[in-house]
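Position chain B against the provided structure of chain A, taking the given hints into account.
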Amino acid sequence: MEKQVVDDLREVFQSGRSRPLQYRKQQLRALLRLITERQADIEQALKQDLNRNTYNTSLFELISIENDIKLAESDIADWAAPQPVKKNLNSALDDAYIKPEPLGVVLIIGTWNYPWAMILQPLVGAIAAGNAAVVKPSELSEHSARLMKELLPLYLDKEMYQVVTGGVPETQELLKQRFDHIFYTGSSMVGKLVMEAAARHLTPVTLELGGKSPCYIDKNCDIAVACRRITWGKFANCGQTCIAPDYILCEPSIQDRIVEEIQKTLLEFYQKDPKSSPDYCRIINTRHFDRILALMNECTVALGGESDHSQCYIAPTVLRDVLPHFKIMQEEIFGPLLPIVTVNGLSEAINFINTREKPLALYVFSSNKTVIKRMLTETTSGGVTVNDVLMHYTLDTLPFGGVGNSGMGRYHGRHTFNQLSHHRACLIKSFAMESLNDARYPPLTAARLHKANCAAIGDASLKQHIPLPTLLFFKVFSLKNHFKSI
Amino acid sequence: MSREQQAVQQARKAFLTARSKPLDYRIKQLQNLKRFIKEKTTDITNAMRKDLHKTANATQLFEILGLEGEINLAVSKLAEWAAPRPVNKNLLTIADDVYIQPEPLGVVLIIGAWNYPIAVTLQPLVGAIAAGNAAVVKPSEVSSHTAKVMELLPLYLDPEMYQVVTGGVPETQELLKQRFDHIFYTGNSTVGKLVMEAAARHLTPVTLELGGKSPCYIDKNCDIRIACRRITWGKYMNCGQTCIAPDYILCESSIQDKVINEIQKCIQEFYTNDPKSFADYGRIINQRHFKRIMALVEGSTVAIGGDSDESECYIAPTVLRDVTSGSKVMQEEIFGPVLPIITINGLKEAIEFINEREKPLALYVFSPSKKVIKQMISETSSGAIVANDCLVHFTISDLPFGGIGNSGTGCYHGKYSFDQLSHLRSCLIKKLNMEGVNQMRYPPHTTEKLRWARILLLKQVNLARWRQVAQVAVLAALAAFVVQRFLRR
Numbered sequence: 001m002e003k004q005v006v007d008d009l010r011e012v013f014q015s016g017r018s019r020p021l022q023y024r025k026q027q028l029r030a031l032l033r034l035i036t037e038r039q040a041d042i043e044q045a046l047k048q049d050l051n052r053n054t055y056n057t058s059l060f061e062l063i064s065i066e067n068d069i070k071l072a073e074s075d076i077a078d079w080a081a082p083q084p085v086k087k088n089l090n091s092a093l094d095d096a097y098i099k100p101e102p103l104g105v106v107l108i109i110g111t112w113n114y115p116w117a118m119i120l121q122p123l124v125g126a127i128a129a130g131n132a133a134v135v136k137p138s139e140l141s142e143h144s145a146r147l148m149k150e151l152l153p154l155y156l157d158k159e160m161y162q163v164v165t166g167g168v169p170e171t172q173e174l175l176k177q178r179f180d181h182i183f184y185t186g187s188s189m190v191g192k193l194v195m196e197a198a199a200r201h202l203t204p205v206t207l208e209l210g211g212k213s214p215c216y217i218d219k220n221c222d223i224a225v226a227c228r229r230i231t232w233g234k235f236a237n238c239g240q241t242c243i244a245p246d247y248i249l250c251e252p253s254i255q256d257r258i259v260e261e262i263q264k265t266l267l268e269f270y271q272k273d274p275k276s277s278p279d280y281c282r283i284i285n286t287r288h289f290d291r292i293l294a295l296m297n298e299c300t301v302a303l304g305g306e307s308d309h310s311q312c313y314i315a316p317t318v319l320r321d322v323l324p325h326f327k328i329m330q331e332e333i334f335g336p337l338l339p340i341v342t343v344n345g346l347s348e349a350i351n352f353i354n355t356r357e358k359p360l361a362l363y364v365f366s367s368n369k370t371v372i373k374r375m376l377t378e379t380t381s382g383g384v385t386v387n388d389v390l391m392h393y394t395l396d397t398l399p400f401g402g403v404g405n406s407g408m409g410r411y412h413g414r415h416t417f418n419q420l421s422h423h424r425a426c427l428i429k430s431f432a433m434e435s436l437n438d439a440r441y442p443p444l445t446a447a448r449l450h451k452a453n454c455a456a457i458g459d460a461s462l463k464q465h466i467p468l469p470t471l472l473f474f475k476v477f478s479l480k481n482h483f484k485s486i
Numbered sequence: 001m002s003r004e005q006q007a008v009q010q011a012r013k014a015f016l017t018a019r020s021k022p023l024d025y026r027i028k029q030l031q032n033l034k035r036f037i038k039e040k041t042t043d044i045t046n047a048m049r050k051d052l053h054k055t056a057n058a059t060q061l062f063e064i065l066g067l068e069g070e071i072n073l074a075v076s077k078l079a080e081w082a083a084p085r086p087v088n089k090n091l092l093t094i095a096d097d098v099y100i101q102p103e104p105l106g107v108v109l110i111i112g113a114w115n116y117p118i119a120v121t122l123q124p125l126v127g128a129i130a131a132g133n134a135a136v137v138k139p140s141e142v143s144s145h146t147a148k149v150m151e152l153l154p155l156y157l158d159p160e161m162y163q164v165v166t167g168g169v170p171e172t173q174e175l176l177k178q179r180f181d182h183i184f185y186t187g188n189s190t191v192g193k194l195v196m197e198a199a200a201r202h203l204t205p206v207t208l209e210l211g212g213k214s215p216c217y218i219d220k221n222c223d224i225r226i227a228c229r230r231i232t233w234g235k236y237m238n239c240g241q242t243c244i245a246p247d248y249i250l251c252e253s254s255i256q257d258k259v260i261n262e263i264q265k266c267i268q269e270f271y272t273n274d275p276k277s278f279a280d281y282g283r284i285i286n287q288r289h290f291k292r293i294m295a296l297v298e299g300s301t302v303a304i305g306g307d308s309d310e311s312e313c314y315i316a317p318t319v320l321r322d323v324t325s326g327s328k329v330m331q332e333e334i335f336g337p338v339l340p341i342i343t344i345n346g347l348k349e350a351i352e353f354i355n356e357r358e359k360p361l362a363l364y365v366f367s368p369s370k371k372v373i374k375q376m377i378s379e380t381s382s383g384a385i386v387a388n389d390c391l392v393h394f395t396i397s398d399l400p401f402g403g404i405g406n407s408g409t410g411c412y413h414g415k416y417s418f419d420q421l422s423h424l425r426s427c428l429i430k431k432l433n434m435e436g437v438n439q440m441r442y443p444p445h446t447t448e449k450l451r452w453a454r455i456l457l458l459k460q461v462n463l464a465r466w467r468q469v470a471q472v473a474v475l476a477a478l479a480a481f482v483v484q485r486f487l488r489r
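Here the protein sequences come in this chain order: A and B.
Residue 301 in UniProt numbering sits at position 301 of the first sequence, with consecutive numbering throughout.
Residue 26 in UniProt numbering sits at position 26 of the second sequence, with consecutive numbering throughout.
Pairs of lysine-lysine, PhoX-like flavour, derived with a Cα cap of 20 Å: (1) B:371 / A:99; (2) B:431 / A:373; (3) B:193 / B:177; (4) B:374 / A:99; (5) A:451 / B:38; (6) A:86 / B:415.
Label-pair restraints from in silico Cβ distances: (7) B:21 / A:447: 41 to 49 Å; (8) A:40 / B:370: 50 to 58 Å; (9) B:177 / A:430: 44 to 52 Å; (10) A:434 / B:299: 30 to 38 Å; (11) B:298 / A:21: 47 to 55 Å.
Think of the hints as simulated: they come from the structure by calculation, not from any bench.
Since the model is a prediction, treat every value here as computed from it, not as a measurement.
Just so it is clear, CB atoms sit at the ideal spot from N, CA and C, and this is done for glycine as well.
Chain A on its own, in the form it takes in the complex (with noise of 0.2 Å):
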């Protein structure tokens, strides 16, 4: 079945459909409208799969989906437009210029945790770029699974994008398939299954993968405001967001008033009881449930550790005085566990961050420039937010992906655009002035050789913007020379 359908979609690809930006954009136009159209039907599946409202739906999908889409559509000529490039001597009577491309059958797996905003944001730039698609979301988040498989046919050009729904073995039959670009969002353990899997068909890949994002609060801050947002940024979607501040660094004097902030936030965002709160969600299933529970095993917890089997419910918890051997901080934690890891200043926060694998965000609270700088100048990770958390995520024009273990690749916006197109190095010439070619044509004599070295020399101070007619003296100079050695 799976083979049926991306040959089908190549088929269709190759039919020249998707390429007119008229097609492109009125299939986002489309996309647009479902997301509008149909926002109470995602927000009842988001709710039945993650508890999430219809505040959390909008801030933390809908609206980047909706960003998107508007982006893609007003900016598409302008990106898939060709574009000139500076030239050399030799060419400067050429046209050289670099012409985006689709790729062709595009194979985009979503996760669960944000649903809607895995795959149609990715989506938005294969359509965009001119490709087809198969889209496959995660079966952990069933009914959103479910809706977008009846609602995407509905809306889009149902040969083009194509939305596979399953499991394990239905997208392991999928990865044994031909794409042109696989975009996976999920773990780092999966993401080297389906690296594998592309290689075999030297598939070019995007891998959004996780890790455990540092949180770094300075001494010197304002602690009470550091709180509120790492807060916000932790206890959203329950801990489940691929950028939530995975753990806090600090020092051990400043560690009680960092639970008492917390606390205080804790108290006015969710009130007294989080569990009957409109606003807080529910961990995916209980084997995720399960799993984030153990990881409390050998910890101190300093504010909440309540749950509730039957309800996939973890209450929003920090544990203190962590310790770096500590289970907890052996994985990414994907729940509402905030664990403490004290540290004697920032040289052991930044030794700390090193010693462990590239992390998919990192987070540095600090009114200290020197503090901020060390820290950005002497780590490393897919993006870092200063003074807050998640942030640069809401950003389209900041590129959005990890490195090593947390990921290659990135999308948003125009990257989204780029990533999943084709640049494809284009040089028109015309049959006139062959006689300038006589320098690279054998015989290869002492002569002909200094012609070249020559144009080299010219394309020097080309590259130091030199204008047209200098260009063209220049040229005319070394046909001189060429009928001179005639």
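Same frame as chain A, now just chain B:
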């Protein structure tokens, strides 16, 4: 610990000292690389002569010149490439610092190829050095003399930061087991898959510069003489062992004879009546490839050349006529001085022929008609496309050089090398004030809060344009003032 493991470990240790971060260090290393090429020119050209029968001038023109150009460009542009790159903000981030910061990846593995060993091994190294990485360089053992010269690199470059590991398949396999932060491979698609598979185990990103059959379409309405000059040059350079050489010709049967005649004239002009004794005509790299190429000719009609000498790995510049798509020579990349001509009925059939096959690294179309060129571009796909010439897109450093599909992934040259071997890190620097603005995102959520969030997140602000507008307004006001005050009497 194996030699390969040691090399990687040393490179990583050197990288972690952070001494490759300062731009001064990188520029110094690049200048040292330039010195290596200049001071060892004789060694390099001698090695190329032994490996590929290349003359000193050919080595200069087709390998060293390009490499020097890349080094000079990197040195002059490094400050610009490595600087933070500001991006457009939205209303919410209007008072923040928002930029992309290029950073080194870490330890880069560069696996070179044997056909232009200096260019394809050291040009990626230029990008690796410029981007602040450490590197392990594995030159191809097939061009063994050049590999030996590259072992001298540690005398010029920081020997801990940039390691050279020579050897064959076992050594390469051992290297591929290690963990790198990027692998840059130039070679064939079969091995490319193995490289990517090995990289997948560590989630290492790859650049694969592979190959394929680069088609060359000759429109019957073009200046066939000039087309054939350029094609002949591109095909037989380095004895056809160029990844972007025109692999085969597609043309209408009515011009096949003319094409053959013109190519014959060019071969004579470029390589004399006896290419075998002519210094500027190369040799096949080794016996294995010699036999492989000769076997491809079987079953096809030789129009020009065809003679060979196994003892010298010499194959004459050869053209095959009336070749069919099922013939041996059309089943794999030729990578030799054999040029098949396939006749088709017009552009549409040529495009179909091309699209039935794997996406090539390069595509060539010879035609005076803009319409024909446009159609070829829009109805096919390839790494690059050149109209009315061959190979020369390689020399424009602002054009990304790379393949698509079976011909590769990623690209390089000029700034692309730098970007390909960097991590472009997104940075958003906020302050701890203005906390009130954040209210709209915090629970308890309300409709009113959501409304504000939409406004602040969905509107993009182009500060540069605002500044421009402001500047123009100020100039206009100034002009008006000058006119009023001084010019009105």
